[in-house]
Amino acid sequence: MLQLTHKNVHNYFKINGYHLTADELRRVGYDYIKEGDANDRAIGEFLLDWFDDKDYIEMRTSGTTGLPKVVKLQKQAMIQSALATGDFFELEPRDKALLCLPVKFIAGKMMLVRSFILGLDLDIVDPSTHPLALNTTKYDFVAMVPLQVQNSIEALQNVKKLIVGGAKMDSSLEEKVLPLKTEVYETYGMTETITHIAARRVGENVFTVLPNVKIVQDDRGCLVITVDTISEEPIVTNDLVEIIREDQFIFLGRIDNVVNSGGVKLIPEQIEAKLIDKINSRFFVTGIPDTVLGEKLILVIEGEKQDFATDFFDVLDKYEKPKEIVFVPKFKENENGKLLRKPSLV
Numbered sequence: 001m002l003q004l005t006h007k008n009v010h011n012y013f014k015i016n017g018y019h020l021t022a023d024e025l026r027r028v029g030y031d032y033i034k035e036g037d038a039n040d041r042a043i044g045e046f047l048l049d050w051f052d053d054k055d056y057i058e059m060r061t062s063g064t065t066g067l068p069k070v071v072k073l074q075k076q077a078m079i080q081s082a083l084a085t086g087d088f089f090e091l092e093p094r095d096k097a098l099l100c101l102p103v104k105f106i107a108g109k110m111m112l113v114r115s116f117i118l119g120l121d122l123d124i125v126d127p128s129t130h131p132l133a134l135n136t137t138k139y140d141f142v143a144m145v146p147l148q149v150q151n152s153i154e155a156l157q158n159v160k161k162l163i164v165g166g167a168k169m170d171s172s173l174e175e176k177v178l179p180l181k182t183e184v185y186e187t188y189g190m191t192e193t194i195t196h197i198a199a200r201r202v203g204e205n206v207f208t209v210l211p212n213v214k215i216v217q218d219d220r221g222c223l224v225i226t227v228d229t230i231s232e233e234p235i236v237t238n239d240l241v242e243i244i245r246e247d248q249f250i251f252l253g254r255i256d257n258v259v260n261s262g263g264v265k266l267i268p269e270q271i272e273a274k275l276i277d278k279i280n281s282r283f284f285v286t287g288i289p290d291t292v293l294g295e296k297l298i299l300v301i302e303g304e305k306q307d308f309a310t311d312f313f314d315v316l317d318k319y320e321k322p323k324e325i326v327f328v329p330k331f332k333e334n335e336n337g338k339l340l341r342k343p344s345l346v
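For the sequence shown, the residue numbers in UniProt numbering are 1 to 346.
Hints listed in this document are in silico derivations from the structure and should not be mistaken for laboratory results. It is possible that part of the hints are untrue.
Stated by the list, open to error - As a list, the in silico DSSO-like pairs of lysine-lysine whose alpha-carbon atoms are at most 27 Å apart: (1) K321 <-> K274; (2) K332 <-> K104; (3) K168 <-> K181; (4) K104 <-> K161; (5) K168 <-> K69; (6) K342 <-> K296; (7) K168 <-> K342; (8) K305 <-> K274; (9) K160 <-> K181; (10) K104 <-> K7; (11) K342 <-> K321; (12) K160 <-> K96; (13) K14 <-> K161.
Work out the full structure: start from the sequences and follow the hints.
Listed below in structure tokens is the structure:
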């Protein structure tokens with residue numbers, strides 16, 4: 001059996017209703033670069049990069065596993081990632097898919113690659129916070145960030161399977177999508193892993209890894225990922241996890257966010273999960289320097305100052321209770337909509 005290469009385009013692949021070959025996609029790429037807006041140009045540049053003679057593309061990482069940097073992603077590894085996604089989510093040729101993410105990021109690029117390789121019937125819309133507005137098309141497979149999901153709850157009735165990435169889904173958003181017939185999955189991954197390597201069905205807390213992914217913990221308790229089809233070296237993350245079995249784990253929080261208060265190590269994400277039903281605004285907990293404790297745990301809330309009942313922190317353990325509440329008019333985010341904790345305090 002011949003191995004798929006980046007020059008292969010599935011016979012059933014469509015883009016916005018049209019069957020296109022690799023040569024035709026290159027011509028479309030030129031048109032997008034010449035006449036399109038910023039997202040169109042990103043699509044055009046990726047099409048030309050994908051179908052050229054190089055065996056890799058260059059991507060800038062978000063800094064999930066360290067400082068942001070430019071990495072070379074092997075096209076064959078991207079193909080294997082697409083096949084693993086198709087296997088995990090049981091995607092079939094001719095399935096209708098929607099690309100509503102910016103193609104400058106890996107998640108948007110991979111929706112194109114999956115469509116080329118798996119033979120998906122792909123629609124492309126401009127990235128926006130309301131991607132399904134005025135759209136009545138029924139889709140088998142869609143990828144969104146949490147803000148897009150938040151603004152598309154009613155329209156999700158037209159989506160069979162939805163994957164959500166870029167930032168963590170909070171419990172209030174999960175409660176909104178749970179009653180839907182849509183299969184909603186939060187994904188776990190990063191640029192270095194060529195988008196997701198694991199997913200969990202909303203309503204559950206366990207991530208299951210995709211085919212050919214191996215996971216272990218390092219001596220810090222952080223996740224180490226091995227995917228032979230993607231990287232020769234293990235990918236070491238800063239994500240604290242609990243490994244349930246060889247193919248499943250629970251995400252606990254980022255080691256970068258851990259607060260050492262008086263010798264007690266506190267995981268902000270675990271504390272935030274206990275407070276989610278008590279605070280209507282966006283919030284996070286973090287540590288700030290303290291002469292006595294080393295770090296003092298504080299609660300940071302977006303918006304106007306408000307008062308809370310005396311029993312507000314009763315859901316928390318003794319050491320988890322913040323020493324101070326800080327109100328910030330507007331949180332800062334990165335381009336993916338991911339909350340930037342420390343910069344939001346400046």
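So, going through the hints one by one against the coordinates:
no. : hint          : result
1   : K321 <-> K274 : 11 Å, holds
2   : K332 <-> K104 : 20 Å, holds
3   : K168 <-> K181 : 21 Å, holds
4   : K104 <-> K161 : 23 Å, holds
5   : K168 <-> K69  : 22 Å, holds
6   : K342 <-> K296 : 14 Å, holds
7   : K168 <-> K342 : 17 Å, holds
8   : K305 <-> K274 : 21 Å, holds
9   : K160 <-> K181 : 8 Å, holds
10  : K104 <-> K7   : 21 Å, holds
11  : K342 <-> K321 : 19 Å, holds
12  : K160 <-> K96  : 10 Å, holds
13  : K14 <-> K161  : 19 Å, holds
Against the hints set out earlier in the document, no violation occurs for any number.
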